[in-house]
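**Q** Sequence:
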Amino acid sequence: MSTWQVAVVLGAVAVGAMTPMQAGINASLARHIANPLSAALTNTVVASACLVVVMLVLRVPLPGLAVAARAPWWSYCGGLLGASIVLGAIVLAPRLGAAAYVSSLIVGTVLSSLLIDHFGLLGFREQPVSAVRLLGGALVVVGMVLVVRR
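When you line the sequence shown up against the numbering used here, it's residues 43 to 192, in that order.
Okay, the calculated beta carbon distance ranges per label pair:
1) L98 <-> A173: 45 to 55 Å
2) P170 <-> L52: 20 to 30 Å
3) A89 <-> V50: 19 to 29 Å
FYI, nobody ran anything at the bench for these hints, they're computed from the structure.
Even glycine gets a Cβ: it sits at the ideal position worked out from N, Cα and C.
With the sequences and hints as input, model every part of the structure.
**A** Rendered as structure tokens:
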């Protein structure tokens with residue numbers, strides 16, 4: 043691996059480390075305001091406000107409607123998926139615990155990623171599933187089972 047690849051992987055690990063923090067913070071908010079949907083909405087509003095500030099500071103222009111219309115229809119479903127992920131974390135993480143929730147999340151992520159890569163879906167280049175990649179996925183499932191077991 044090159045230094046750049048190591049840095050990118052470490053960046054992804056750092057972002058992954060935020061997953062249980064975000065789930066716990068959002069679940070705490072849901073308990074305080076007594077509604078998981080309101081907590082998910084609050085999360086999304088705060089995230090959007092932060093992105094607006096960053097765009098203003100960096101002077102990132104908004105795309106024109108003609109440019110935005112060229113994107114495939116499904117590319118606008120990311121927000122729906124993001125909302126589902128946030129709401130799922132709020133509801134599921136407190137019931138499972140941080141480690142069980144995140145390990146389950148990782149299994150879903152790895153399995154869907156293998157399929158996405160294999161078929162080259164959503165703009166990813168095709169990377170066929172191999173025996174080694176399947177073994178890696180299986181080991182992730184085994185790891186989840188070990189973490190989830192009480």
